[in-house]
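Student: Please take these sequences and the hints and turn them into a complete structure.
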Amino acid sequence: MPNLPRPGDSDAPLVEIRRLSKHYGDTPVLNDVSLTVKPGEVVSLIGPSGSGKTTLLRCINFLERYDGGDLRVLGHTVGYRDGDERRRLRPDREIAAARADTGMVFQSYNLFPHLTVLENIVLAPMRVRGIRRREAVEIARALLARVNLADKEERYPAALSGGQQQRVAIARALAMRPRLLLMDEVTSALDPQLVGEVLDVMRALAAEGMTMILATHEMEFARQVSSQVVFMADGAVVESGPPAALFEQPRTERLQRFLQRYRSLHAPQG
Amino acid sequence: MTTDLLFVAARYLLMGAGVSLAVALGAIAISATFGLLLALARLYGWWPLRIAASLFVFFIRGVPLLILLISVYFSLPYFGVDLSALAVAILVIGLYFSSYTSEVYRTGIRSIPVLQWDAGRSLGLRRIAIFRLIIAPQAMRYCAAPLINIFIMAVKGTSLISAIGAWEVVMAGRELSERNFAVLPVYLAVAAIYFIICFTLSRLSRAVEKSAAYA
Chain A
14 MPNLPRPGDS DAPLVEIRRL SKHYGDTPVL NDVSLTVKPG EVVSLIGPSG SGKTTLLRCI
74 NFLERYDGGD LRVLGHTVGY RDGDERRRLR PDREIAAARA DTGMVFQSYN LFPHLTVLEN
134 IVLAPMRVRG IRRREAVEIA RALLARVNLA DKEERYPAAL SGGQQQRVAI ARALAMRPRL
194 LLMDEVTSAL DPQLVGEVLD VMRALAAEGM TMILATHEME FARQVSSQVV FMADGAVVES
254 GPPAALFEQP RTERLQRFLQ RYRSLHAPQG
Chain B
6 MTTDLLFVAA RYLLMGAGVS LAVALGAIAI SATFGLLLAL ARLYGWWPLR IAASLFVFFI
66 RGVPLLILLI SVYFSLPYFG VDLSALAVAI LVIGLYFSSY TSEVYRTGIR SIPVLQWDAG
126 RSLGLRRIAI FRLIIAPQAM RYCAAPLINI FIMAVKGTSL ISAIGAWEVV MAGRELSERN
186 FAVLPVYLAV AAIYFIICFT LSRLSRAVEK SAAYA
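Quick note, the sequences are listed as chains A and B, same order. Take 14 as the starting number for the first sequence in the numbering used here and just add one per residue. Take 6 as the starting number for the second sequence in the numbering used here and just add one per residue.
Careful, some of the hints might be misleading.
DEER-style ranges, computed between Cβ atoms [said to hold, decoys possible]:
# : chain 1 : residue 1 : chain 2 : residue 2 : range
1 : B       : L48       : A       : R106      : 19 to 27 Å
2 : B       : R208      : A       : A171      : 20 to 28 Å
3 : A       : E107      : B       : K215      : 37 to 45 Å
4 : A       : D39       : B       : A212      : 50 to 58 Å
5 : A       : R99       : B       : Y83       : 51 to 59 Å
Source of the hints: derived by calculation from the structure; they are not laboratory data. Cβ coordinates follow ideal geometry from the N, Cα and C atoms, glycine included.
Tutor: Take a look at the structure:
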């Protein structure tokens, strides 16, 4: 399986989004979104529900099409042919190859319920990368150990807690050795006491230099791990910058109100 | 009836039952495979194919099996096609129940959440691989029991094919009863034969349901 050619300059952006737009009929869902992500960066997308965070992540993986603007991952236009005035879709083979290099973890885990934990993880490396089973199993076991689920490889997803399922989903994405990891509100569906175990895994990934874009409602976590925080509302980027600046000195009224609401909802009890 | 005659009659009925079973198995094989093709055409096919498959299902389901058997069997010669009654029986019953199995496959496939497709896509799997490795195995879990239900109907459908002159268990039973005037015992025996075949199938259905549960 040929990987996409890598940019020679290691500091070249991994993701380059310029003036991206998308609409459903007359309703804009992404409006003039620009974002650059360099290797090793952790970018957190915050904002109210329906602000376009999930749609933006899905566009980066081309699970959804976009209408205007430019979206490049590893130097290649996502979904459409490079340097083509009239947008023409890439063949399925190329789209799939690009997705193989970009991991995605979903809010609802989306594990394959008919496969054991181990089979969930080895499926794509074997089918997409052509890795032999023995090697794929080795990789999978190492990843399961990393997410503290070494003893669960023969279980089916239904037998696991939400936090465990989400950690398997992260291991499944990592097994493809992605250059970029997209995480779509991965803790939003979890019981509060299970959130921590997933965040710990993500924190470790960030520390190892994995490039990540996360849509999240975990403000404290975003502040700790992000190199860049992007506040979105109504499909547009309202404010972005380093976490300290964004959380301590929000410039826009919109973000100020958002943070206030968040703090009042999450204030320590008593 | 003497014991001798009973023995001969039983053998005669069992021979007929063999033919019925063969027709049923052939029809089941056709309805299992062609029904899947119809479902795939309706779900993912190029639009003319989609419409053709929908029309096929729509028309065939609106006609009683007996009428379909007779009209196909007696109209084929006009198209220069010469098929034996048994071949027509297998084909017509198979196609007839394909229209039912296709609906089962279709709903089974559609019951799998789109998010499963997304998960497969995000891992770099291509469409056909996602269908084969992720969607189909899950859909089959939903389909197994209703499919076997339809196969049971197909088995019972074979009891109509004497209408086009096919010799099978019902025809054998009629011949026996006309010769011996023992209508009730003969048809009870025929009923028992059908019951045994269908009962076996329904037991199979239960076994499949059990084994398909994710532990």
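Student: If a hint holds in the structure, say so; if it doesn't, say that too.
Tutor: Evaluation of the provided hints:
1. B:L48 - A:R106: 19 to 27 Å: This hint holds: roughly 22 Å between Cβ atoms.
2. B:R208 - A:A171: 20 to 28 Å: Roughly 27 Å apart at Cβ, these two residues keep to the hinted range, so it holds.
3. A:E107 - B:K215: 37 to 45 Å: At 43 Å between Cβs, range holds.
4. A:D39 - B:A212: 50 to 58 Å: holds, 54 Å
5. A:R99 - B:Y83: 51 to 59 Å: The hint (51 to 59 Å, Cβ to Cβ) holds, given that R99 (chain A) and Y83 (chain B) are roughly 53 Å apart.
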